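Asks: So the protein lines, in turn, are chains U and G. Under the working numbering, the letters of the first sequence match residues 68 to 436, in that order. Under the working numbering, the letters of the second sequence match residues 27 to 380, in that order.
Be aware that a few hints might be false.
Derived coverage of chain U by chain G (criterion: at least 3 residues anywhere in the stretch with Cβ under 8 Å from a Cβ of chain G; other residues may be distant) [what the hints assert, rightly or not]: (1) 103 to 115; (2) 209 to 216; (3) 373 to 381; (4) 392 to 405.
Chain U side only, calculated, beta carbon under 7 Å to chain G, not exhaustive [stated by the list, open to error]: (5) Leu172; (6) Asp174; (7) Asn175; (8) Asn191; (9) Leu195; (10) Leu196; (11) Phe200; (12) Thr299; (13) Thr419; (14) Ser420.
Taking CB as the label site, the calculated pair distances span [claimed, not checked]: (15) Met235/G <-> Ala418/U: 46 to 54 Å; (16) Thr210/G <-> Ala406/U: 17 to 25 Å; (17) Gly160/G <-> Asn427/U: 36 to 44 Å; (18) Val82/U <-> Ala266/G: 26 to 34 Å; (19) Pro67/G <-> Trp241/U: 48 to 56 Å; (20) Leu430/U <-> Pro272/G: 22 to 30 Å.
Think of the hints as simulated: they come from the structure by calculation, not from any bench. Remember, predicted model here, so these are calculated numbers, not experimental data. Each residue gets a CB set at the ideal place from its N, CA and C atoms; glycine is no exception.
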Amino acid sequence: MTTGRTGGAAQEPLVSAVGFLCMAALVWWLARNTLDNLDRQGIALGFGFLGRPAGFALDDTLLAFEPAHSYARAILAGLLNTVAVAVLGCVLAGVLGFLLGALRLSDNPIVEALVRAYVELMRNTPLLLQLLFWSAVIHALPPVRAAAEPLPGVFLSNRGLVLPYPVPGAAPLWAGGLLLVLLLAGRRVLPARLVTPARLLAAAGFAAALALAPPEWRVPRLKGFNFVGGATVSPEFTALLAGLVLHHAAGVSEIVRGAVLGVPAGQWEAAQALGLTRARTLHLVVLPQALRAMVPLLASTALNLTKGSSLAVAIGFPDVVSVLGTIGSQTGQEIEVMALLAGLFLALNLATSSALNAYNARLLRRGER
Amino acid sequence: MTAVRLAHLGGGRAWLRRCVGTPLNAALTAAALGLLALALPPLLRWAVLDAVWSGPPSACRGAAGACWAFIAAKLRFILVGLYPPAAAWRAVAAAGLLGGLVLLSAHPRLWRPWLLGAWAAGLAATLWLLGGGGGLEPVASRLWGGLPLTLLLTAGGLVAGFPLGVALALARRSRRRTPRLLATVVIETVRGLPLIVILYVASLVFPLMLPGGISVDKLLRAGAGMTLFAAAYIAEAVRAALQAVPRGQAEAALSLGLRPTLVLLLVVLPQGLKMAIPSLVTIAIGFFQDTSLVAVIGVFDLLNTTRAATLDSEWLGFHDEAYSFVAAVYFVVCAAASHYGLWLERRLNPERRR
């Protein structure tokens, strides 16, 4: 804060004014050029084009999309695809990453070395290369008739992934609601103890409801040239999700490992001295502290994963970036398209960082930091 | 860490106990060994035993293993892309020159002012070798590709991004509101956007902002986008390091009567930049990998030439071989660089060694 001051106090307003004028001139010049260029190309600035029919087809969207639909709907379809990849990716990468982190922390040297090799491989090769690899692997899978069945009812072929999916009975729905209510009633996402009676009760209720009214599974089977029943995940979506999850799980595992190792050894020793078992020390003392250290890093991994999903354009999956890119080159409204993209990602970043700040503020208020 | 590792190198029994000491560990060991037994033999058979090392495409068609003959046949294309074959030595020399510069800069003992001159001269020589002129046959930049292009984008982006990043970091710490606000907006916008969007803006929106008739080379636009991207991340690393410089340093220098500019240049920046080095190495490794994204705007870097090589109609479908090869290239460079980063961190902060 003591830096950056060059002139005396009398010069300062002058320097500021000159700097401001230079900036304004630059902006005016760029804007002027842009308007001239757009004028020459016969493109009108504005978002009016969003209502016009898109004229292109999008495969593989959650929201049905046809060429007659508007550009706005195309963007919405792309956005939904991005959200689907990001949410599924974050959850799966988180679960896999925690698992790998736990394995990495085990004192078993063989397991530790294996996980370390995996993490090194993921971190030292470009994400785009990994996505291209998975995309090539999935497209080179056997055709539908010779589909691989890694798990009963799960089929992998060059048409993508086909999964059985459950149609829940009424009871699990209610139990799910109960679970949510109890969790919300707890109000604390990361309490001092991860396993609380309320959560145990909710989990037990959910399990009982599942047992009483088991969901009906829609199992895919081969009929003619394709699968019927079951949910189909396209090759592109499978490749993108697999690539993002496998890549970022390595990062999450490092975060988990770092956070647990970062808990001072005295905490372990004190808990052991109080007579707590290793498992209870981990659960009651170490993990709650480690989780707090992890939260900001996990949030930034989630943002990175979301940003990384834009690599979908390289493997032909219509995420929001590739849809907007297509629209931009088709209509010439590049500026509006880029403004939309920038607004979208900046809003996402802002939302994440304010959520993190709120979380930090709450920790501070409770004096846990 | 090292001490612990040495301890169990000494005792094979202790090591064994850690593998099978408890039922859980025994199960984990069994699972890990089972996984290796399942994965390694087929991999070894594919990559080495059943592999085809040379010959025409027909030699690979029936083979069960990898077709390394494909890599051998396409090696020139993968490494230098569409660069004219007669002048390929220039592309190889450019890549060698950049690689040599990186190696030369590795040891802190060589961090002297002449090294900056060496980099400037080296980058200029690289551009001359690739582009021609002055006695060499000119080669259009759209024909540049492969490893020299990846290295050029990495080195150029980092070298140009570093001063810009330092300037952004200083502006963000400035007492004046306007520079602080501007720097914050630039840094946070660039860091918040996916690199692809920045490359789109650089390649599609930026040309719109220039006066009609002026067109900027596509490669240069990609380079500008990459530079801005590098600068934003470098700025945050430098800012964090500057914050870690004790306040007393600047205060002491001021009380000695140094002008604020000199305090910054002679006292705060040297200490801050030294502290930023480990995170700058991490940024450089990530940036080297991120240059692969220029493929999206049609620039043929190493990864894109590899992908294009798999589309050759004569050698169609050898993705696994191509991607394994290029993964090995990236892996060797990045793993070496990250080990170098750890070494450097220990060397620069011997007092913090654990």
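Asks: Are the hints correct? Go through all of them and say.
Replies: Hint check:
1. 103 to 115: Held - the stretch 103 to 115 of chain U has 4 residues with a Cβ nearer than 8 Å to chain G, which meets the minimum of three.
2. 209 to 216: violated (count 0)
3. 373 to 381: holds (count 6)
4. 392 to 405: This one holds; 6 residues, not fewer than the three required, reach chain G with a Cβ under 8 Å.
5. Leu172: 12 Å, violated
6. Asp174: 5 Å, holds
7. Asn175: 5 Å, holds
8. Asn191: Holds, about 4 Å.
9. Leu195: Since the shortest Cβ distance to chain G is 5 Å, the answer is holds.
10. Leu196: It holds, given that the least Cβ distance between Leu196/U and chain G is near 6 Å, below 7 Å.
11. Phe200: Constraint on Phe200/U satisfied, holds at 5 Å.
12. Thr299: Violated: closest Cβ of chain G sits about 23 Å from Thr299/U, beyond 7 Å.
13. Thr419: 10 Å, violated
14. Ser420: Result: violated, 9 Å to nearest chain G Cβ.
15. Met235/G <-> Ala418/U: 46 to 54 Å: Since Met235/G and Ala418/U have Cβ atoms about 30 Å apart, the given range 46 to 54 Å is violated.
16. Thr210/G <-> Ala406/U: 17 to 25 Å: Given range 17 to 25 Å: holds, Cβ gap about 19 Å.
17. Gly160/G <-> Asn427/U: 36 to 44 Å: 58 Å, violated
18. Val82/U <-> Ala266/G: 26 to 34 Å: Hint holds: Cβ distance 28 Å, inside 26 to 34 Å.
19. Pro67/G <-> Trp241/U: 48 to 56 Å: 51 Å, holds
20. Leu430/U <-> Pro272/G: 22 to 30 Å: 27 Å, holds
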